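Generate coordinates for the entire structure from the input sequences, incorporating the hints supplied.
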Amino acid sequence: MALKLTNLYKSFGSIRVLEDINIISNKKECIAIIGPNGAGKSTLFKVISGIVKQDIGNVEFNNKNINELNVEKRARLGISQSFQKNSLFLEMTVKESLMLACSHKYKTSFNLIKPLIKNNFISDDAIMIAKDIGLENYLDVQSEFLSYGLQRQLELGIAIACNPKLLLLDEPTAGMSPAETKDIITLIRKLSKDYSIIIVEHDMEVIYNLADKIYVLDRGKLIFEGSPNAVKNSKLVQKVYLGI
Amino acid sequence: MLLIQFLNALQFSMTLFLLAVGLTIIFGLMKIVNLAHGSLYMIGAYVGLSIWTYFDSFWLALIFSPLITALVGAFLYYILFRHIQNADPMKQVLLTFGLIYIGLDSVRLIWGTMSHSISAPELLSKSIILINNPYPSYRLFVIFIGILVLICLYFILEKTVIGAKVRASVDDPEAAKLLKINTDKILFYTFSFGCGLAGLAGITVAPILGVEPGMDMEVLVLTLIVVVVGGPGSLKGALVGALLIGFVDSFGKVYIPQLAQIIIYAVMALTLLFRPDGLYKR
Amino acid sequence: MRAVNYNPKLRFQIMIILILLSIIFNIFGGYFTRFFVAEIIILSIFAISLDFIASRGGMVSLGHAMFLGIGAYATAILSINYGIPPFYATFFSILIGLFIALLIGYFIVLLDGIFFIMVTLALGEMFHAWVFTSELLGGSDGITGIMRPDLSFLKIDLNTPIIFSFYTIFWLIIVYNLISRITDAPLGRNLDAIRQNSERVSAIGGYKKTYKAIAFSISAGIASLAGSLYVQLNGFISPELTHWTVSGEGLIMIIVGGIGSISGAILGASVVHIIQHELSNIINWWMLVIGFGFILVVLFMKDGLWGLIESIKKKLGY
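Read top to bottom, the protein sequences are chains A, B and C.
So the mapping is simple: the numbering used here equals the position in the first sequence, first residue as 1, plus 9.
So the mapping is simple: the numbering used here equals the position in the second sequence, first residue as 1, plus 65.
So the mapping is simple: the numbering used here equals the position in the third sequence, first residue as 1, plus 74.
In case anyone wonders, no lab produced these hints; they're calculated from the structure.
In this text the structure is predicted, and so the values were computed from the model without any measurement.
Built from N, CA and C at the ideal position, the CB exists for glycine as well.
There's no promise every hint is true.
The following label-pair restraints were derived from C-beta to C-beta distances [claimed, not checked]:
| id | chain 1 | residue 1 | chain 2 | residue 2 | range |
| --- | --- | --- | --- | --- | --- |
| 1 | B | A229 | A | I122 | 54 to 60 Å |
| 2 | C | E273 | A | N71 | 23 to 29 Å |
| 3 | A | E145 | C | S272 | 26 to 32 Å |
| 4 | C | E273 | A | I122 | 24 to 30 Å |
| 5 | B | A331 | A | T15 | 56 to 62 Å |
| 6 | C | L169 | B | P322 | 29 to 35 Å |
| 7 | C | F109 | B | E283 | 31 to 37 Å |
| 8 | A | I24 | B | E223 | 25 to 31 Å |
| 9 | A | S156 | C | E273 | 19 to 25 Å |
| 10 | B | E223 | C | E273 | 36 to 42 Å |
| 11 | C | L382 | B | L335 | 41 to 47 Å |
Structure (structure tokens):
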């Protein structure tokens, strides 16, 4: 298995945000985490990526306990994330951003002499990723001047560029138009063939389209887990999540 | 002997406290590190010097020089700080850095480059015998002033409406913004008040250390260390940091004179290593 | 503040013009002009070192005169007390600066911008205070009698003012090349990325602290080189070299020149030093003028002279 969360607890002050979370994700599996606002999804993500540390419990990645590793070290192990709010290098072009992310993969980031953009193999790699995420026509555009939808795609691209084994996607379609959403679903579906993915998403259509397994989170507890169909038919989930 | 050293350290700590509390309040409220804080301290001392020279009264100087320094602060707030509140932090700090140059040369132009001294008032010029050791009563007076300010600050912050607003804005700027209590008026008064405290530190220290150009940077560096160690924006941190640095420095000079120059920096380094946000994180 | 002006082409053009100017002044100027050119070049090297960490790493240092001092004192002591030839002493000084900065950098590079300023200011003042009382370093008298490197095997006599100026220009070109290469290289781009979005660099597995510490020590090494050259130019050191005003002047130079552009640092060093020199001949309150000018630049000309040149070029339609 790729990721195993056992017995996770997390409180902020007196407020308990996560309670007894157990999640197992297998290789090349796409797992979705859903739940109403404030259910603790974002905190759970932060615990997995290492931004927030859990109070109790274990995070294991490829059978290795990574409780003590910070964000950087987890990223180097292959846990890569895309953020809910675009987190880009706004002054860099698309190509540069992707190459920068790739530079870590090739261990060239400490190079002092050879210009980044002249590293051909990194550049080839970056162009390939740009094609994957549909930005091949925008290589030399500064990130700041991309449309919101394209920025969202680049956000995903940077996460892919560091050669992840596990992709954490935090609401990849947030704020997108229906057409843009469609594009990104196609893109993620393509990715799910190569990567293990954990995705948080509001849009149920997106989830039903993508996920192999769905976990439902409510007020910090997992209340349901199962296939998309099982979730669709579950009364409990509908009551909590859809408010029916 | 130990008592004397203790009192000296306490006096030094109180001076540092007066400076650090002004700097930290301004930082807490406005998120601006005012590098010109030392310059205001110097201006306080020089204004006090002039008042003392013309009216031959230390007490007048003690009252009016903090007020005039506060007015200088108010003026600075009005022409500069008001406009840069939402600017990039780096820009703010660079601007206050520019003010240091202006402050230093203004003082040189007005008062010259000579160093001056102010003598303590008659009432406090004698020494008091404390357990067989003579101790200058003026230093006790400085300690008294520091503690008085501490009590006043406590009273203002805990018991008055404006104090509650300041406290709220320092402790939780987000909530304060929502409640709309972080008004221009509060910033204006707090900024001027912080500057006034720097001026008070300047005039109270003048009879002990003298008045000279360059006193601003010496004290600025110490104040910055206190704020870094105590935790920027924390009032409790300012007090604890001032006591810590004041005592470490005074006792270090007596017991390990070889290391006196670097010991407080070692304290700062250790704090940064183990508590990067200072002793009292906000 | 955008804080970084990244335009390799314009950078190179301005650099060429400035180098040509300095060569012309050096050839046609008198004894004093040549000395002045060398002084400006050395200050430019110092300004570049500050500019590099200020723009790339977001680390504005107000204690960089410490490394200027380390380079200067190391050169003096190695050559006088230990008889190491000044030319090699220069290299050792750079290494000493690098190493000390690596040690310090470990504690401070991850500090937030304004705290970095506060801490470097405090460290710089500590060093200044220590230099003043150290017997080894000559206390408040400083050290005199430092020789210039002996390059007679190349048939060069550095004691001639014109030759020494060219020697400093040679070093400036090396430093410029090194820094512009690092700026374009993966390490430099990663530093730039940290300034733009430090969280994301962590999230893609960057070695944030290491990058910044490397940048800090490279910058310190270059500042040490400037210190070493400075002491060779003058033949003596006074502890005033490590005063905070020296770091402050460096900061003013890079802000006036346009932060992050490398050539802007040279431009700023030249302009500020010339203004300062001319003003101090006429009035003794030049610091007041410099302070006001600095505040005006920060408020209204955020990219300094570099920004001015860039916008003029745009208007002319290049």
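Hint check, failures only: 5
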